[in-house]
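Those sequence lines, one after another, are chains V and D.
Under the numbering used here, residues 7 to 98 are what the first sequence spells out, in order.
Under the numbering used here, residues 11 to 250 are what the second sequence spells out, in order.
Think of the hints as simulated: they come from the structure by calculation, not from any bench.
Careful, some of the hints might be misleading.
[What the hints assert, rightly or not] In silico contact screen, one side only, chain V against chain D (beta carbon under 8 Å); selected entries:
#	residue
1	H11
2	T12
3	A22
4	D23
5	T30
6	R31
The structure presented is a predicted model; accordingly, all values stated were derived computationally and were not measured.
Yeah, the Cβ is synthetic: ideal placement off N, Cα and C, and Gly gets one too.
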Amino acid sequence: MDVLHTDGNEVAGVLADVLAVDPTRVRRRCQSCRDEQPLAAHLAFHGAGIVLRCPSSDDVAVRIGVQGDHLTVEWRGTYRIDIARDAQVARV
Amino acid sequence: MIWRTATARAIVAESPRARTIVLDVPEWPGHRAGQHVDVRLTAEDGYQAQRSYSIASAPEQDRLELTVELVDDGEVSPYLIEELRPGDEFEVRGPIGGHFTWSVADGGPLLLVAGGSGLVPLMSMLRHRAARGSDIAAHVLVSARGAGEALYREELERLEPRTGLHVAWTYTRQPPPGWTGWDRRVDAAMLDAVGPGPQAGAQSFVCGPTPFVERVTELLVDAGHDPRAVHAERFGPTGG
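Using the sequences and the hints, build the whole thing.
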């Protein structure tokens, strides 16, 4: 594992634009290993876009592309997401 | 999430490579200790650069404070450290993140482990604890390269309430003159000495460069800490 990655905490500002809840507390179940972890604990790799990887299996979880005014999010490798209702953030 | 215009009101030198920027942000909605903001700079030609910075101030403080450390080849920190003057403006959005947060209502004991400027969000937690006059046990371990780079050293010496607060330092490269404490990287024996142990049900928060966070969280889990109670925030090789 290289050391250039950050984690889902850092990416939350971008994902907040497509989710109605706090992205860091969204729990994602991995399609590969079935492990369930909050997005905050996922590893974030920055390249042409941002790739979030499962901290257990290292598989691609979420791909985020930002180009101009367009934000593209692929939830590939995600079996399900679980959202605590109290994780809602003010839409300000 | 909207971008707001922040105005720098004061700038405080924390170390030769780090400064605290005190900000006015109109209609700032408040934050929880441990959260961060995204900072966006826009050049005259429209080019934009964006980085995340932890909030250093407690939720109880009037103004938002960010402590930023210089990254030599960074896109944002060189401007914030070397060029920004009081009265200058930039954009922020936030507060961001509810995973890496703590408040007095969450209880303790707390184990806070910082690598370098990873201390910033943990300082917000400690300032919040102080603002509430809480004596919840807080065990703090800070790993710094040298005494000159250590953030908030004097404030950590006088933070109240002292009851329950334990602050330990390790200097990995240049300890202060006459230093008799730890002078090595964080290891299992050090974490054991800092406490609280795995049986105490501590909430742990680990923040710093990615390799530091990976190593410390692994040591904690190996020692028997509940992985669900070990919160981590990584800011890359050295941050942005």
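Each hint tested on the structure:
A cut of 8 Å between beta carbons decides the hint on H11/V: the least distance to chain D is about 6 Å, and the hint holds. For T12/V, the shortest C-beta to C-beta distance to chain D is roughly 5 Å, which falls under 8 Å, so the interface hint holds. Hint on A22/V holds. Least Cβ distance to chain D is approximately 5 Å, under the 8 Å limit. Satisfaction of the interface hint for D23/V is found here, the shortest Cβ-Cβ separation to chain D being roughly 6 Å, below the 8 Å cut-off.
Evaluation of the T30/V hint against chain D yields a held restraint, the C-beta minimum of about 4 Å falling below 8 Å. Interface restraint check for R31/V: the shortest CB-CB distance to chain D comes to about 5 Å, inside 8 Å, so the restraint holds.
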